[in-house]
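**Q** The primary structure of each chain is shown beneath.
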Amino acid sequence: MAAPASSAVFEPGGHLEAQARWSGWEIAFWLATLLPFLLFPNHLVLASQIAITALFALSLDLILGYAGIVSLGHAAFFGLGAYTAGIMSKHGWTDPFLGLLAGAAVAGIAGYATSFIIARFRHLPLIMITMGLGFLLHEAANSAEWLTGGSDGLQGVRKGKLLGVIAFDLYGYAAYAYALCVLFLVFLAVRRLINSPFGLTLRGIRENPVRMPAIGAPSRAHIRKIYTIAAVVAGIAGAVLTQTTATVSLGVLDFQRSADVLVILVLGGAGRLYGGLIGAVIFLVARDQFSGIAPQYWYFWIGALLVTVVMLLPNGVLGGLAHLTRRWRGAAP
Amino acid sequence: MALGPILGVLFDGFAYGMLLFLLSVGLSVTLGMMNFVNLAHCAFAMLGGYVTVTLSRTFGWPFLATLPMAFLAAAVTSVAFERTLYRRLYRAAELDQVLLTIGLAFMSVAVAAYFFGTVVQPVETPSYLRGSINFLGMTLGRYRLFLVATGLTVALLLVLALEYTRFGATVRAAVDNQRMARGLGINVESWFAVTFALGSGLAGLGGALAIEIVGLDPHFAFTYLVYVLIVVSVGGLGSIGGSFAAAVAIGISDMAGKYYFPALGSFLIYLVMVAVLMWRPTGLFGRR
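Line by line, the protein sequences are chains S and Y. Using my numbering, the first residue of the first sequence is number 43, and each one after it goes up by one. Using my numbering, the first residue of the second sequence is number 331, and each one after it goes up by one.
Only chain Y is shown next, with the shape it has when bound in the complex (with noise of 0.2 Å):
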């Protein structure tokens, strides 16, 4: 059996993997902090697909520079809700949470479909981002080899930022204590909404570099919901370390599920998740 097409495998599930880190780990770190159930994530992440597909068609912005845009659009907007709707439901029941957010991916939905209709949006990507290179016999995209290194670095600038900053400290400090940093007079809510706007706008990063691989309708916010619940809940919340591993070994086992055992679907992921919730309950890197 070759090596060359396992090894290709490999690295396009570990490119999905980045995708789905880049979609979740905000979601990850929210929930920890604040356990707020927010299902409405992925709406987040829609909207910087379709902020970089509205500046890339039709004002003609070069793809690289559409990406800060939809950070910057989903981080705007979702600390705009967080600031209205999310804060007056910190101490309400999960159930609450649940159906306001799933309430406003809802709309979303008629949203989008409102303004771009039904169809699967495509984006236009760089000549350099397209076609492949061969490296030691295997054909690496260029695209997902961005991807990699996109996810890469911001893993790599977000573990920096959460262990050597003083941001940092005081977001780990909420997640791991919220009573206690309240006592020493760290304004949880404030900094929960920075890290609210931080996690949306990552994930609308995602959602815009989505696009080339799985295409972009309506139907985001809850189709990859389920992915990124099953990559937090798996991970454990509040762990940035835990959304990594998490998010690549979904990636890559949902990419070679689909490649070998076709007929199995998405049945492996979701026994996956179960079987780690049942032994685990929060999940493989939960600290609570």
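Chain S extracted, bound-state conformation (with noise of 0.2 Å):
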């Protein structure tokens, strides 16, 4: 946005350099992230939840804001992620990067598999389809009792030590340190995606699946590629909560779960790389503090807030920043 492009050629190489370069907020972002630890000790269980959260909510962010996938049954591969994570260290493989590969593996399977499926459907029934996955998931998980534990959830997770030495306290230092380092790796891995020619091809499946093809995109192998790559993620969030927390239910793999993450994401700014992460801030902070007053009622303002960001917001909280900067420069074309 600084220079604007002198010729009328659009350079597409020149473009991704651009957008590849760190600006000083993304800097003053990641900066901002270590600051829990100073000023908010007695917090740090919410902020590595937080950290958790954005991990998940990047992952959909990934089909969602760029590829243009609506799916409603994205909880499923956080679930598998979370579960296989909490059999391996209910089976003695303790150490956290073992568990986080192994949830990476399965979900990345689940997803690779389920991808043909995914990327035959647009519209509506892609939206039934991926809701249905996902309650097949959940009704598969509640009655394997002999493997998930059903609806008691998982019993006897054991927490690993990272490295081998640091253990898991009960203020949540190490938990919000490994889920911090967890996303920020992540985060680097995905923006090197996005910006990269693949990421501007699924910018172009999103704003027209039909036409890519005709210009030497093959849309379905694509979808079917960041498919699978939002499942490992998705996978490797689920993974850290079990891990951090050291417990798995059925919750995991809840419709709210998928419902929650969309909000999260929507309300951020989908297609924007940092549109989930400032979406779980406000989201998992508002929550914490108004449940404070009323459980019961917090899904009441989550409606609210939904039904203002979709009227005035279309784009997010970072859509509508980005807005008010573009107006606030004034000359911007």
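Treat the hints as calculated values from the structure; they're not laboratory data. Hints are not guaranteed to be accurate.
Partner residues aside, some chain Y positions facing chain S, computed with beta carbon under 10 Å [to be verified]: (1) A423; (2) A440; (3) L482; (4) L486; (5) V556; (6) L559; (7) S563; (8) F597; (9) L601.
Sample of chain Y residues facing chain S (criterion: CB under 10 Å; computed from the structure) [as the list claims (entries may be wrong)]: (10) G390; (11) L415; (12) Q427; (13) F436; (14) M437; (15) V441; (16) A443; (17) I560; (18) S596; (19) L598; (20) M603; (21) P611.
Subject to a maximum C-alpha distance of 25 Å in a straight line, what follows is the list of computed SDA-like cross-link-like pairs (lysine to any residue) [what the hints assert, rightly or not]: (22) Y:K588 - S:E187; (23) Y:K588 - S:L189; (24) S:K267 - S:P255; (25) Y:K588 - S:G192; (26) Y:K588 - S:G195; (27) Y:K588 - S:N184; (28) Y:K588 - S:S193; (29) S:K203 - S:A182; (30) Y:K588 - S:L178; (31) Y:K588 - S:L326; (32) S:K132 - S:N184; (33) Y:K588 - S:S185; (34) Y:K588 - S:Q298; (35) Y:K588 - Y:H549; (36) Y:K588 - S:D194; (37) Y:K588 - S:A182; (38) S:K201 - S:L326; (39) S:K267 - Y:P452; (40) Y:K588 - Y:L601.
Glycine residues also receive a C-beta, built at the ideal position from the N, C-alpha and C atoms.
Join the two chains into one complex using the hints; note that each chain is given alone, in its own frame.
**A** Encoded structure:
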């Protein structure tokens, strides 16, 4: 945005390079993520929840924000990662990194398998199929009590030690540090991916899935790739949740979780790298504050927020801010 | 193996299917007409349920007299929302419609919890609808017979109205080809408002009738949304016959599944839905 394109010809390489440059805002944002250690040492458990949710929202952003795939069943991959990590630690493999890899792998395999279905549909059938697959997995986990513990949740999940030495403490120091590191590393990978020609192709598919194959970009193959990648990221988020809280319940697969993460992403701004991150901060901090007053009415405010965002802020909080910045700078074309 | 219990399960499933039909037929028609994904549909059904509960418990109205009020309340409220909020998103992406209506459904859950608490609300049915009668060795619940009769009557009335009246011809034209219907001078948006009110009213009636079978609590708006969406997407958008067939099939298979394979839970239904959608994305009776 700093330098308006001087030549009339749009040059994708230059555009991507400009996008990939780190701005001051981004560096400030990541430095600010360290603040909870100093300012809110009593809220580190909440901070680690925010980091995990941000990672989950980032994974939904990959398919929803960049490739235009609306999913109401994304919690399936989050849950797969969570259960995989939980079941592994129950049977003695407590090393967090091993659990992370396994959770990512299982979610990724499931994502790859279902991506063949996802790539064939759009619009309402797609929404229904993602929702149906999410419910199927929820029911399966509910019935397979020998493996998952059913509605009682998985019993006997043990907390591992980071790098074999650092234990997860009660105050959440290690949990937040771990979740933040994972979030940052995955974010770097996602940022690289989005600012690559592949990322640009995805945005093309979002805008027009029929025209992209005509210019040599096979839409379905790309959708399969990004759906698998998003599943891997969601699986990682689920595994981190299990490892930092040492509990897994059916709630990780709930429709509510799929709906919540959609709300979070849209609230922050879909199709923007920081949309899910900002959305997670706003959503979880607000829930923490409001639920102290009246837990059962919390969803009234979420609903009101959604209606407001859809009616007044179509591109989320970040979209609204970007719009204001453009207005403020005035002469921008 | 005795035939009686099997027929009994079939009958219960059919009655349950009638309930699902009442709840979902409005969504099917409005989705087919405007392509508007209304996830708050069951919130209107819930409103009908609470109207019946309030009128019969607080004001002592007879159960049957509360049913038209449930219909009316849901219809009027839904059209108020349609005119103020929904109307602006007809041309928006599905995601925006999904978000707006999920937001409204969330709000309805909290509002219901605020006024009525989170406990399951019972309703007092008149004595002639209680108990059961014996027919050819089967025990048929009277209330379920009443449900079947109501469902069949509504289905018949809808088919007659859609096939043989000018209103029906207009609605069918708008569902089949909206652009052409506009070209012929049909004001699709105002007809849509009428259809929307009718569909939500039927949902309100369904919500009121459902209390006796499944109970009523603030989560009704989401619990039954799933079933309604399954019926609509399996039956096909804008098809009353499709909704009827899908509702009956899902009512019976859900009842039979829970009776004979309780361990599977609702697994079977979701599996059927995903399989049907993969085979025919527009549903069994969908035209587009």
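**Q** Broken hints, numbered, in rising order?
**A** 3, 4, 10, 29, 31 and 39
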